[in-house]
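Visitor: The chain contents come next:
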Amino acid sequence: MENPCMNALPLTMTSSQKQVTVCIFGTGDFGRSLGLKMLQCGHAVVYGSRNPQMSSLLPSGAEVLSYPEAAQKSDIIIVAIHRDHYNFFIDLTEVLNGKILVDVSNNLKINQYPESNAEYLAQLVPGAHVVKAFNTISAWALQSGALDASRQVFVCGNDTNAKHRVMDIVRTLGLTPLDRGALVAAKEIENYPLQLFPMWRFPLCLSAMLCIFFFFYCVIRDIIYPYVYKKEDNTFRLAISIPNRVFPITALVLLALVYLPGVIAAILQLYRGTKYFRFPDWLDHWMLCRKQLGLVALGFAFLHVIYTLVIPIRYYVRWRLRNITVTQAINKKDDPFSISLAWLSDSYVSLGILGFFLFLLLGITSLPSVSNMVNWREFRFVQSKLGYLTLTLCTAHTLVYGGKRFLTPSALRWYLPSAYILALIAPCTVLVVKFILIMPCIDKTLTRIRQGWEKNSKSSKPLLFRKSDVSNKAECTWASEI
Amino acid sequence: MENPCMNALPLTMTSSQKQVTVCIFGTGDFGRSLGLKMLQCGHAVVYGSRNPQMSSLLPSGAEVLSYPEAAQKSDIIIVAIHRDHYNFFIDLTEVLNGKILVDVSNNLKINQYPESNAEYLAQLVPGAHVVKAFNTISAWALQSGALDASRQVFVCGNDTNAKHRVMDIVRTLGLTPLDRGALVAAKEIENYPLQLFPMWRFPLCLSAMLCIFFFFYCVIRDIIYPYVYKKEDNTFRLAISIPNRVFPITALVLLALVYLPGVIAAILQLYRGTKYFRFPDWLDHWMLCRKQLGLVALGFAFLHVIYTLVIPIRYYVRWRLRNITVTQAINKKDDPFSISLAWLSDSYVSLGILGFFLFLLLGITSLPSVSNMVNWREFRFVQSKLGYLTLTLCTAHTLVYGGKRFLTPSALRWYLPSAYILALIAPCTVLVVKFILIMPCIDKTLTRIRQGWEKNSKSSKPLLFRKSDVSNKAECTWASEI
Amino acid sequence: MENPCMNALPLTMTSSQKQVTVCIFGTGDFGRSLGLKMLQCGHAVVYGSRNPQMSSLLPSGAEVLSYPEAAQKSDIIIVAIHRDHYNFFIDLTEVLNGKILVDVSNNLKINQYPESNAEYLAQLVPGAHVVKAFNTISAWALQSGALDASRQVFVCGNDTNAKHRVMDIVRTLGLTPLDRGALVAAKEIENYPLQLFPMWRFPLCLSAMLCIFFFFYCVIRDIIYPYVYKKEDNTFRLAISIPNRVFPITALVLLALVYLPGVIAAILQLYRGTKYFRFPDWLDHWMLCRKQLGLVALGFAFLHVIYTLVIPIRYYVRWRLRNITVTQAINKKDDPFSISLAWLSDSYVSLGILGFFLFLLLGITSLPSVSNMVNWREFRFVQSKLGYLTLTLCTAHTLVYGGKRFLTPSALRWYLPSAYILALIAPCTVLVVKFILIMPCIDKTLTRIRQGWEKNSKSSKPLLFRKSDVSNKAECTWASEI
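Taken in sequence, the protein lines are chains P, H and R.
Position 119 of the first sequence, counted from 1, bears residue number 119 in UniProt numbering, the numbering being contiguous throughout.
Position 309 of the second sequence, counted from 1, bears residue number 309 in UniProt numbering, the numbering being contiguous throughout.
Position 98 of the third sequence, counted from 1, bears residue number 98 in UniProt numbering, the numbering being contiguous throughout.
What the hints contain is simulated information worked out from the structure, not anything from laboratory work.
Please note: incorrect hints may appear among the correct ones.
Note: identical chains are not told apart, hence a pair may lie in one copy or across any two.
In silico lysine-lysine, DSS-like type, Cα no more than 30 Å apart, as pairs [as the list claims (entries may be wrong)]: (1) K385 to K109; (2) K332 to K444; (3) K291 to K385; (4) K230 to K332; (5) K231 to K434.
Take the sequences, apply the hints, and build the full model.
Guide: Structure representation (structure tokens):
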């Protein structure tokens, strides 16, 4: 739903509407931008400033007063001041008693101060109701109206009424308030706008490293080796042939790495005989970025698909096919049809297509709005069953690609095997270990552990009211897989 | 927004924060997992148990007391006990007076008991405020922190304050509370985690059946027939050629079945002369899973597209093209360019691409987050207008594919026509009937019926305040299409 | 979460549940549909009508009374009456005192009346709590249960309790209530269902115009010109060749137009030396539909990709390649391999693939559910950095496509250059100006302006509490780009 204040078309302006008077402390950029926006949306705005007569650049229509005077004009005071200057609030505690103080400040670094700015403000003015809001919106965006990104404003505060009044103001500005609970959440809300894809860093670095490694590996085998031995100039392969070798390999290795931590965790649980322990930090972190790893792998798989589909358009391929045909026509040699080659080529391609299709499905179900629609049981089904099927199909695709020339010594160049053989190590390991783990005897123990059973405990005691005994039978069906 | 409690990185831990004390009744797996999570997020946790001294495996830092002692330590009591043991609450009614009881239980089957567990609990302890929550989260997920799936916790309860306090706790655990209203909704919330794609079952079964039927149909025509008559071994066609015939056929039939129920409903309404009756159950169910039918069809269409695009890469195709060229070169025969063939081939491909593109658009608008952004009028426009355009384009694509050989007797093998001819029956029927329905005279009657007019009623009476008379003029524009 | 009332399967019907009694004023289509739905979901329904004994067609199970009698039966009264008849409420003010009046009405045109229907109702019955709701749901959808579109019901009202009670009823019907704040929002909510893609109109018109222009341009150069001079019949090119020239050109021009307003805005800001002024209306509107422009461009790019990938399947292409090969075989002429051609062809394709891949990423991040997950900093990073990279790659793709024949006089036909040369004007302009703008000296001034600095102001005054001074250092990193 587009709010009239956002798209600023004269047709839908509601400025004629009577809205609440809002007081803004601070005449910096954010204060001015927010004030302008509020004026546009029908609010009356009063600025509080240390030097009211010296404040310039304020939006026309807004009053400027000293802090105490401004505070008396409104119940709701927006504090657009840097935390370092909060100490002047000590003199205003009486005036601000019972008022709603909206802290909009941000910091320069994550966790810069021991407590959040909003909690600090609440300590300084104990009589006021402090609400944290607006800090996730940029001044520039408010100014330009170009809020194509998130319109979400995280709001938190200890007083429910105060929070709801601030949320109503947020709504009048065409933004979407999201209640984040009590003021304790302020720290998190203040850290939020400073993040830059924290969960994506590891997957992206890892895939970049894999790409670079396999790129140079392929360059050595496919460009330098022929140049040294046959004086062939194959540099044009850098544009398509080599990326189309590096991308699928990276995709397959990353996909295997999505499922590897689950397998490691299962082995750890079997070894320790309990699920009630913390995984090592590296494993924890790895498990938490599996979704991102999988999406990066999907990106590489997508590139591989398009790079493969353009093959017949390439000049080199057309030239080579033409040459083969011409040679054949000149020599009048017969080229018999090989059914086994047709089978190999078609099944290799078909496995790849099906693998990619399932991979895309996995990607779509990881879209936030889709994964919010499925329950845990469904999510487990998709991510675990379909995920392993995808990994199996993609591994089979690579194995069949190798086909007959798999591990023939002639494929070695400078003792280096083809790159795709290296790529098979991780997925094959995962699939073999997974196959062992789902064998009935091991699976049964693992399922019991994941239902709360412990190897070394005296849990034969009759714990009469164990929810797990009964209701976990249902749960285990979807919790038995990571 | 990632909550610090979720990704458990030391940097963002807020465990130092002071949070509410929570009491948990029951020391089973779910109770222990939830307690551990709460401790990690800064809550104090007190367990209530029948045999406090015999309870093992509890997270360190949590106290264990008897039920009445534990209940006195906190306002909020989480009931992680199986419903069968709820009867002991009868002895605790006094202690629990005014407290918030959070029912987290699940059942083993949908609608296992006449009333929901939470309502049953509310009957047992009338003085307490019962809130249903947390049942959609798995113990394993809480334990491992691997909440990549839905973080939504459905909350319902009759007391608003109690509900809001529970929602605040949900937020501190890094989960998203969703208010589902009064305690009546508990039954639905308890059934939710037991579902496994209920709306997808019919579409998937139907498409599997269609696939199998057309697969064997094609195998008979394309593999067994040539083998019997010409001793040709065409088995390699199983990998790509036959799937690429089965998938588009299934996609087209499923797409037609998306629009068939709407057409049937319109005929039923015309026949009965009113819209105020219930459709037969099968039609109701069919109409409700049209979206899923369409998405399955889109999946098959996508597979068809990729299977078609890889054609020039296949060994068989390259071999065949080479052989034709070589034969032509040896015979020095001229191959004149046929403009009509070029037109047929290009328009066939072009129609298919445009149809697939619109189909993708339909798929994208059915994403929950996208369809939430459009209003009814826009949704109707996309799904009805664009939908029929897609069906028309895809049907035309299939018709032009047939081209000149459509219904020539030589195409029959064992009296079986080509599979694509069978595929055309459903979409052509839908398009013809739809074309009749949108003819002005019929469309006018249908529109009146859908605005509330009834053939057999004496509605000539002056119902002075009929909203429909005036405001439905606007509505009919977007309600005139199913 | 599927609500039982929606999919109406007997298994999950909760009609046995005791729900609130609801009174509905008005027996028109919407009133009847809503009443039927409420009866199905377990509510008791009482209709209010001017002529109770003459009302027909009402759902069985509902009582029909006169207005005052019906009003006394329930706290919640749904007003399903057209605004023109609201004046009879004047006689009911006493009976309705303290009751909740739910206004569900819609208008025929956007902003038809000076104040919203709900506010008008609130003026007529000052003692009642007026809540706006249900107007975004169509009667037909309620009737058929086919709510595959948005289930969102926007709710607004001045009394929080009244609003929450209405939201609870909305939830029992299987719909999702969305709190839109106070009754002031009613106007916006009433306008909402009347919109038909307001933000998409300009982008779609613009792209249609571009398509038509380039289509005729290509028809003149590629079909009419050869026909006039060589009597060649190239009409079959209308199906694929010409669309595959028009679509990429339109995509590239639209993509450039996404970034052009940002560049213009930067120049305007530099020229005026301040950010505190309103952009001209056309620029404002242009900036607000950049997302839609980009998505339309992505659609054309997608079509271009598929049209390109089907090239080797086309009859014309196969015929031409075969002819070249046959001629070569007959003449026994050698065709030497050209490394520079291989480089050109491969890098051209590779640049296009990478550009399309990044373009797709941009499209995915503009999905509402994805863009809600990223903060401003991340959004800026993706849309600005990745966006310009995409534009650069796609422009390079077009430049390399031209390759050696770029601007050779032989490519002119009737003095018309190739269409792709026209397409390069807009993106090259944007890239050149952008390159100038990011040069350190200019970028520094621009950044200062966007932090609130003004060229002509006496802002050297010590504004002690300027939030911008400190905290904008963080902000500028993500606000320095539009």
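Visitor: Compare the structure with each hint and give your call.
Guide: Going down the list of hints, with the structure as the test:
Only between protomers do K385 and K109 lie at most 30 Å apart by alpha-carbon distance; the minimum there is 22 Å, versus 41 Å within a single protomer. In this homomeric assembly, K332 and K444 never come within 30 Å of each other (Cα to Cα): the closest approach is 65 Å inside a single copy and 71 Å across copies. For the homomeric pair K291 and K385, the shortest alpha-carbon distances inside one copy (15 Å) and between copies (24 Å) are both at most 30 Å. Within a single copy, K230 and K332 get their C-alpha atoms as close as 29 Å, and across copies as close as 26 Å, so both meet the 30 Å cut-off.
Within a single copy, K231 and K434 get their C-alpha atoms no closer than 46 Å, and across copies no closer than 44 Å, so neither meets the 30 Å cut-off.
Checked against the numbered hints given earlier, this structure breaks hints 2 and 5; the rest are met.
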